[in-house]
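S.K.: Chains A and B, in that order, give the protein sequences.
For the first sequence, UniProt numbering assigns the number 1 to the initial residue and increments by one for each residue that follows.
For the second sequence, UniProt numbering assigns the number 1 to the initial residue and increments by one for each residue that follows.
Careful: at least some of the hints might be erroneous.
As the list claims (entries may be wrong) - For lysine-lysine, the following BS3-like pairs were computed, each having C-alpha atoms within a straight-line distance of at most 30 Å:
id	chain 1	residue 1	chain 2	residue 2
1	B	K42	A	K18
2	A	K40	B	K392
3	B	K401	A	K182
4	B	K396	A	K40
5	B	K392	A	K188
6	A	K40	B	K296
7	A	K40	B	K326
8	B	K244	B	K271
9	A	K40	B	K42
10	A	K182	B	K42
11	A	K129	A	K182
12	B	K94	A	K40
13	B	K240	B	K264
14	B	K396	A	K188
15	A	K19	A	K188
16	A	K40	B	K390
17	A	K19	B	K42
18	A	K188	B	K42
19	A	K188	B	K401
20	A	K129	B	K396
21	A	K129	B	K401
22	A	K188	B	K94
23	A	K40	B	K387
Stated by the list, open to error - Derived DEER-like restraints, expressed as beta-carbon distance ranges:
id	chain 1	residue 1	chain 2	residue 2	range
24	B	E70	A	N174	16 to 26 Å
25	A	Q161	B	E397	29 to 39 Å
26	B	G357	A	Q187	36 to 46 Å
27	A	N113	B	S118	40 to 50 Å
28	B	E48	A	P92	19 to 29 Å
29	A	N113	B	E397	26 to 36 Å
What the hints assert, rightly or not - From the structure, some residues in chain A lie toward chain B, with a derived Cβ separation under 7 Å:
id	residue
30	R30
31	P55
32	E56
33	N60
34	F90
35	A118
36	I147
37	T159
38	L180
The hints are simulated quantities; they were obtained by calculation from the structure and are not laboratory data.
For clarity, every value in this text was computed on a predicted model and none was experimentally measured.
We put the beta carbon where it would ideally sit given N, CA and C, even for glycine.
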Amino acid sequence: MGSRASTLLREEEIEEIKKETGFSHSQITRLYSRFTSLDKGENGTLSREDFQRIPELAINPLGDRIINAFFPEGEDQVNFRGFMRTLAHFRPIEDNEKNKDPSGTEPLNSRTNKLLFAFRLYDLDRDDKISRDELLQVLRMMVGVNISDEQLGSIADRTIQEADQNGDNSISFNEFIKVLEKVDVEQKMSIRFLH
Amino acid sequence: MSTISWAKRLLGKQWATLRMERGAREKNHQLYKPYSNGIIAKEPTSLEEEIQEVRRSASPRELDANGTPEFDISDILCFCRRGVESIVDDEVTKRFSAEELETWNLLTRSSAHFQHLSLRLTLLWGLGVLVRYGVLLPLRVTLAFTGVGLLVVLTTIVGFLPNRRLKNILSDKVHLMCYRICVRALTAIITYHDRENKPRNGGICVANHTSPIDVIILASDGCYAMVGQVHGGLMGIIQKAMVKACPHIWFERSEVKDRHLVAKRLSDHVKDRGKLPILIFPEGTCINNTSVMMFKKGSFEIGATVYPVAIKYDPRFGDAFWNSSKYGMVTYLLRMMSSWAIVCSVWYLPPMQRQEGEDAVHFANRVKAAIAQQGGLVDLLWDGGLKREKVKDVFKEEQQKLYSRTLVGTHKDRSRS
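Bound conformation, chain A alone:
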């Protein structure tokens, strides 16, 4: 009477995911359960439609961008490894990780990586800059039809003005980090996973 969920997920895979993402064994099996329950086609991968079936995500104004973040460049399916890798960004930063030796690769849930995740929600063309157009696009998604083009334009201009330091009229990743330096990103971009 094996548990159907974890017989499909081999122990070696769980270990690999553990190393890569830092989730615990039980968290990985529970998230695998969730992955399979979303996978209506039962083919081991999730498509965009599988995500859009979640009502709370479908009504989130940034829902489509968030879904996009799960899919690697140009692909339409995400497997469990990819799913976990993206979720790993939202793992809280534990105290014993804060002072880790910086010579190793940065953990997926570091402050910089969390900010990079948010940055990429704006930066659709991945050119490492948030242009005025990209900012306007996201703003339009968030407010819908409730704010006029002119007002939105002036919001965008003001935001870029405040953040831009090298005068190229767009926000680079470093400028983005600078603007958010006082924000508690570790807490706002973390989900409290149980067990």
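The hints should help you fit chain B onto chain A, whose structure is shown.
M.R.: Using the frame of chain A, we list chain B on its own:
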């Protein structure tokens, strides 16, 4: 658990059933502890509060005095996190599949999350399979056929009677008897609470919907007029026979869409005090008995007295939820008849009426809240129709409107400048 192993050691269905019944009643007070093992813990603050909090911490500058909209590039963080939280654990999609159990109940169908424990447990399970499929199932199937067969035959006979009063009395007796046989066929152990609130003629009985068995459970304790679509096949034969004995409300497929027609037939029925109370499930679809989803307002517009009923199943003895996208009706019934038992509680809540100036939606939500509270279920505003359909765009537009308000403030704030 010890009750079940005791029962299994002795042959004889009756002994087993009696023992189970006693065990279930003894444990009644523990029956409805909700499964609290969630994947994540969510923040209780609203989106607006969170956004204000983040803005204040980021840049404690003076609020812009001349009403220019305030946007912070950090606003995106809140949406982002909430979006990913809903990917990991949302309130809606998990209502359309069977509830997860805390401890295994020796049914393979509920074993999805349990590890292989020991040889002893496997042996117990094996013995359980023998008892369930070898002894319980054949007995129950025979009873089911008897019950349905008697229902069709006897209601047709009663239908020939001309005298109104005799016909009604006999029809009630026939219906009750056949439903009680069906209850035995499922080994449903039902505890009825507050029977003094049982629905009366001229009223509408509303209940939360988990499976077609709900009908049998309620109808074996009282007589109701059923509402539903006309089906073909065996269901159709049963429906035609039932309506000969007493007036049920069956709609043709085409009539179902016409809301006015539906409302008229229902209100005509409740106005006639000689007719039985109507039984309706306003959710419109089966939900997995952990929550109550949006009630369709149709039955609450008619203006009759509403008698709410809460039905809560104990999942440890057998999961009663009908996942219609996974199982057909026949497969579902066979699964029900090969579980240990169907244990449930029915609460008859005090009757409610629409108040002055209250609209149907508000009334429906009030009834829903009462049912949810009594049954220990989560009260959700989401539509059960989301099982099959996409969520309507209007909800996303509401979210966008809410966010826009945090940008430009309300009209009151703007007029101050």
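S.K.: Each hint: holds or not?
M.R.: Okay, the hints, checked on the actual structure:
Note on K42(B) and K18(A): the hinted pairing holds, with a Cα-Cα distance of about 23 Å set against a maximum of 30 Å. The straight-line distance between the Cα atoms of K40(A) and K392(B) is roughly 21 Å, inside the 30 Å bound, and the hint therefore holds. Annotation: proposed proximity of K401(B) to K182(A) holds, straight-line Cα distance about 28 Å (limit 30 Å). A threshold of 30 Å between alpha carbons decides the hint, and for K396(B) with K40(A) the separation of about 24 Å falls inside it, so the pair holds.
This hinted pair checks out: K392(B) and K188(A) have alpha carbons roughly 28 Å apart, not beyond 30 Å. At most 30 Å may separate the alpha-carbon atoms for a hinted pair to count; K40(A) and K296(B) meet this at roughly 27 Å. With a C-alpha separation of about 11 Å, the suggested pair K40(A) and K326(B) falls inside the 30 Å cut-off, and the hint holds. Proximity of K244(B) to K271(B) is assessed by CA-CA distance (about 20 Å); at most 30 Å being required, the pair is judged to hold.
A hinted pair counts as satisfied when its Cα atoms are at most 30 Å apart, and K40(A) with K42(B) qualifies at roughly 25 Å. For a cut-off of 30 Å, the pair hint linking K182(A) to K42(B) stands: about 23 Å separates their Cα positions. The suggested pairing of K129(A) with K182(A) holds, with an alpha-carbon distance near 21 Å, which does not exceed 30 Å. With a C-alpha separation of about 13 Å, the suggested pair K94(B) and K40(A) falls inside the 30 Å cut-off, and the hint holds.
Among the hinted pairs, K240(B) with K264(B) is consistent with the structure: their alpha-carbon atoms are about 21 Å apart, no more than 30 Å. A C-alpha spacing of about 22 Å is found between K396(B) and K188(A), which places the hinted pair at or below 30 Å, so the restraint holds. At roughly 24 Å between alpha-carbon atoms, K19(A) and K188(A) fall within 30 Å of each other, so this suggested pair holds. A hinted pair counts as satisfied when its Cα atoms are at most 30 Å apart, and K40(A) with K390(B) qualifies at roughly 15 Å.
With a C-alpha separation of about 26 Å, the suggested pair K19(A) and K42(B) falls inside the 30 Å cut-off, and the hint holds. At roughly 12 Å between alpha-carbon atoms, K188(A) and K42(B) fall within 30 Å of each other, so this suggested pair holds. For the given pair, K188(A) sits about 22 Å from K401(B) by alpha-carbon distance, which is consistent with the 30 Å threshold. Proposed proximity of K129(A) and K396(B) is supported: the alpha carbons are some 28 Å apart, at most 30 Å.
The straight-line distance between the Cα atoms of K129(A) and K401(B) is roughly 28 Å, inside the 30 Å bound, and the hint therefore holds. With a CA separation close to 25 Å, the supplied pair K188(A) and K94(B) stays within the 30 Å bound. At roughly 12 Å between alpha-carbon atoms, K40(A) and K387(B) fall within 30 Å of each other, so this suggested pair holds. Distance hint check: the CB atoms of E70(B) and N174(A) are about 24 Å apart, consistent with the given range 16 to 26 Å.
A hinted range of 29 to 39 Å holds for the C-beta pair Q161(A) and E397(B), which are about 30 Å apart. Checked against the given bound of 36 to 46 Å, the beta carbons of G357(B) and Q187(A), roughly 45 Å apart, stay inside it. One distance hint, 40 to 50 Å for the beta-carbon pair N113(A) and S118(B), holds here, with the actual separation near 43 Å. About 24 Å separates the C-beta atoms of E48(B) and P92(A), a value consistent with the hinted range of 19 to 29 Å.
Distance hint check: the CB atoms of N113(A) and E397(B) are about 33 Å apart, consistent with the given range 26 to 36 Å. Taking 7 Å as the C-beta contact cut-off toward chain B, the hint placing R30(A) at the interface holds, the least distance being around 5 Å. At a threshold of 7 Å, the smallest CB-CB gap from P55(A) to chain B is about 4 Å, leaving the interface hint in force. Taking 7 Å as the C-beta cut-off, the interface hint given for E56(A) holds, the closest approach to chain B being about 4 Å.
Because the smallest distance between the Cβ of N60(A) and any Cβ of chain B comes to about 5 Å, under 7 Å, the interface hint for this residue holds. With 7 Å as the threshold, the beta carbon of F90(A) comes within range of chain B, its nearest partner Cβ sitting at about 5 Å, so the hint holds. At about 6 Å, the closest approach between the beta carbon of A118(A) and any beta carbon in chain B falls short of 7 Å, and the interface hint on this residue holds. Interface restraint check: I147(A) against chain B, minimum CB-CB distance 6 Å, threshold 7 Å, status holds.
Because the closest C-beta pair between T159(A) and chain B is about 6 Å apart, less than 7 Å, the hint holds. Interface hint status for L180(A): upheld, as the beta-carbon distance to the closest one in chain B is roughly 6 Å, under 7 Å.
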